[in-house]
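*Asks:* Now for the letters of each chain:
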Amino acid sequence: MTAVALTVNGKAVTGDVDPRTLLVQYLRENLRLTGTHVGCDTSQCGACVVHVNGKAVKSCTVFVWQVEGANVTTIEGLADANGPLHPMQEAFREHHGLQCGYCTPGMIMTAVDMVNRKGHELDDPTIRHELEGNLCRCTGYHNIVKAIAAGAKAMKGHVQQQT
Amino acid sequence: MGATGIGAAVRRKEDQRFVTGKGHYTDDVNRPGQCHAYFLRSPHAHARIKSIDSKAAAAMPGVLAVLTGAELAADKIGNLICGWMITSKDGSQMKMAPHPAIAHGKANYVGDPVAVVVAETPAQAKDAAEKIKIDYELLPALADPAKAQAAGTPQIHEVAARNTIYQWHLGDPKAVEAAFKAATHVTRLDFINNRLVPNAIEPRAAIGEYDAGSDSLTLWNTTQNPHVARLVMSAFVGIAPEHKLRVIAPDVGGGFGSKIFIYPEEVVCLWAARKIGRPVKWVAERSEAFLTDAHGRDHVTHAEMAFDADGKVTALRVKTIANLGAYMSTFSSSVPTYLYGTLLSGQYEIPAIYCEVDAVYTNTVPVDAYRGAGRPEATFVVERLIEVGAREMAMDPAELRKKNFIKTFPHQTPVIMNYDAGDYHASLKKALEIADYGGFGKRKRESARHDKLRGIGFSTYIEACGIAPSQAVGSLGCGVGLWESAEVRVNPTGTVEILTGCHQHGQGHETTFAQVVSERLGIPLENVSVVHGDTDKVQFGMGTYGSRSGAVGISAIVKALDKIEAKAKKVAAHMLEAAEGDIVFADGKFTVAGTDKSAAWGEVALNAYIAHKFAGQELEPGLKEGAFYDPTNFTFPAGCHICEVEVDPQTGESEIVAWTAVDDFGTVVNPMIVEGQVHGGIAQGVGQALLEGAVYDKDGQLVTGSLMDYCMPRAHDLPALKVEMTRTPSPSNPLGIKGCGEAGAIAAPVAVINAITDAIGTEDLAMPATAQTVWQALQKANDRRKAA
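Protein chains in written order, with our numbering: chain A, 1 to 163; chain B, 1 to 788.
Careful: at least some of the hints might be erroneous.
To be verified - Derived PhoX-like pairs (lysine-lysine); straight-line CA-CA distance at most 25 Å:
id, chain 1, residue 1, chain 2, residue 2
1, B, K22, A, K55
2, B, K126, A, K146
3, A, K146, B, K780
4, B, K126, A, K153
5, B, K22, A, K11
6, B, K55, A, K146
7, B, K55, B, K126
8, A, K153, B, K181
Claimed, not checked - Each pair of labels, with its calculated beta carbon distance range:
id, chain 1, residue 1, chain 2, residue 2, range
9, A, A5, B, E120, 33 to 43 Å
10, A, R117, B, K76, 58 to 68 Å
11, B, M708, A, N53, 26 to 36 Å
Since the hints were derived computationally from the structure, they do not count as laboratory data. Idealized CB from N, CA, C, for every residue including glycine.
Whole structure, please, built from the sequences with the hints as guidance.
*Replies:* Here is the structure:
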């Protein structure tokens, strides 16, 4: 077993885990943060995207011990639990950027990272290119692209929680 | 239309939980004391299991049990079944081979479960499975459906000689023969409707739990139809009596048909939970999903269309071999027959049609309904033939379609269906305008200046949805009725719970169903909640597939609301001391006609439960009504999709540069959600046309067994989509809804192929039309031109 200590959604967490435990397994099974999903076993689908020290990471691709000491944000930590939605969450809701909801947490975490890297004015080709690592089977991406463009604009001046 | 009523683009109620990570999917369920199952699967497509040695596995850390097909049989767990009986043209019934949940004696496809390890953790179960020693005797395998019936091919099941499940036909062969003899032009095509892997992003999962105190079982399962799952597992598999089995389908992350079916894993989780006395959980890995989720399509077809001198279609003749895989999945038999042959008239007046379908076993994953289910295959046949026919006869493809459109309704086709309403000219006309068909020549020349080939392709499709009238499907061999149920429970405070037998896995029923109630009762949307997906809460229902939830599920709600209104009027009459017949209900208020006496919805609801004013037994307290709605006909959504592509002749790469969809779904409850359904359907159709294809090698190994090998559509593969609607309400249900869930997947593939073939000037093009496939088609065409 391996001891791990990290910060998840602003809270310090520690645990003793099988060294092969993936970050996504730790989040889902140990912390019961089930908003982060597993959709594949080859790091293609992006349903498991979280932020590690502010950057988008597929949490199925790293062992939890590899992020020792890191600051991890999951979909549950994107907005204050009792406050309004994060602008990107609100944009997905407003523009019908989700159907079954399974890929959504990964999409939203990727989208926020996209804005952090590319700014608030995102055109259609940029968004589509940047979504290379996230699969959605429901929406045909049309409304996801719309949601991200709108969410990016709405994020101007927004201070993100806990990262 | 109110702000939240029918026709309003209301934002979805369910999204709050999904965008915050609070959705509750099967893998999010964890039961006290649960252990984990791992399925060891056959690595061989066809092999006799001579022996299984599980001693070493059983001794591994954390292992609770190693289970095999022999134990399953000893415990008298029944086989999985196919619920739709198809009769062959010789009068014999389809040849359904035994399908045990764990292979016993012989494995018939790569992925067939051969043993199950149950352990404390998923990793321990997986580790232990590696220690199971199985002595296989390899048998020759069969993967190609076109070779299944040939002499000397491997025989997969004893019951099915030459691997033939049925030889079905529909239509009038003599009339067709005569029409072909008299034809002035005949268009002939051979094609394969490529095999697809559904790939809902949530992998399948199941948790079985046994409660010894009540001797009952509970299953949490990624299913589109929990009651059907319970019925099959109770009545056929015999896992528990129906009243001792509860099936819960919590949030489900996409289905597209693949989660309709009753699979081995849920049977085993329930069986093992009782055997071990602890909850047993299984979650599929993606590679397991590729090997076990029922695949879709996989038709080999020869089709011919006869035209007269005027370009009128006089007959259609179709011969298809349909691959059903290694076992008959739950509704597999119906897909290439009654969901395919019956749609071959398309939007056209075709006097004579004859369709023959041979369904065959192969050593591949079972094939069953996948978004569209039979209707995309039928649309591909009809719309390819009409498009190629137009090109061969040097006619405008839009004009040829117009010439042949059905113009009056109802219209009886020669293949069972009676189209009740539609306006095919309207959707074509609108699509031509939006797509600027008139400007296509100019755009083509512009593309040519950039060394690109531009093409345009049409798909004027039809589908039969609202599945389906019980009497109709019963007469065609379906083992169940396909009505839907609803219960409306009004609480004393006037809030409402709707219980439905439908199940949502992306469709937004919690919003659209509530919109219907909000409008009818004049109450705010937030005062309505929708309950579904639990056999302990909803009495019975047939589930969600075949674009049926609006046309059938909402109709059941409307029927229950009729009863609620009738009962509430009685209550109001008591309250207002008026005759029941004088009570008028509008805008959430009960009024005595011609007076200013009224009672609000909430007051009536409260009085229904207080019941102080009810005299004796003449009026029962309470306000709760249920209804079963059985449709009178299928519904017939139809429309026109136009795809425009640019092909780079140097690389063969095709880019979709414009997409126009004009669909007629009748009444639309929430246009935002309906458009979203169309977008998703188109993406899956474009995936079939350009990217996706399940490939088996000759030994029956799935070559495209992961998301690294099987190309799913990504955001940059798709264009922005123009989606519009026309509306001719369906006369077959109270609100005139037709259904929208599958239209995109039905319309899209052939629109893409028609566009690319138009661009490259050759009809010989397989799906998926990858860059390599298109480039090769171009080279072949060039070679032919040079030789000529």
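*Asks:* For every hint, state whether the structure bears it out.
*Replies:* Here is how each hint holds up against the structure:
1. B/K22 x A/K55: This hinted pair holds, its Cα atoms lying about 22 Å apart.
2. B/K126 x A/K146: violated (42 Å)
3. A/K146 x B/K780: violated (41 Å)
4. B/K126 x A/K153: violated (46 Å)
5. B/K22 x A/K11: holds (19 Å)
6. B/K55 x A/K146: violated (57 Å)
7. B/K55 x B/K126: holds (15 Å)
8. A/K153 x B/K181: violated (65 Å)
9. A/A5 x B/E120: 33 to 43 Å: violated (25 Å)
10. A/R117 x B/K76: 58 to 68 Å: holds (60 Å)
11. B/M708 x A/N53: 26 to 36 Å: Given a distance of about 28 Å, which is inside 26 to 36 Å, the answer is holds.
Hints 2, 3, 4, 6, 8, 9 from the earlier list are contradicted by this structure; the remaining hints agree with it.
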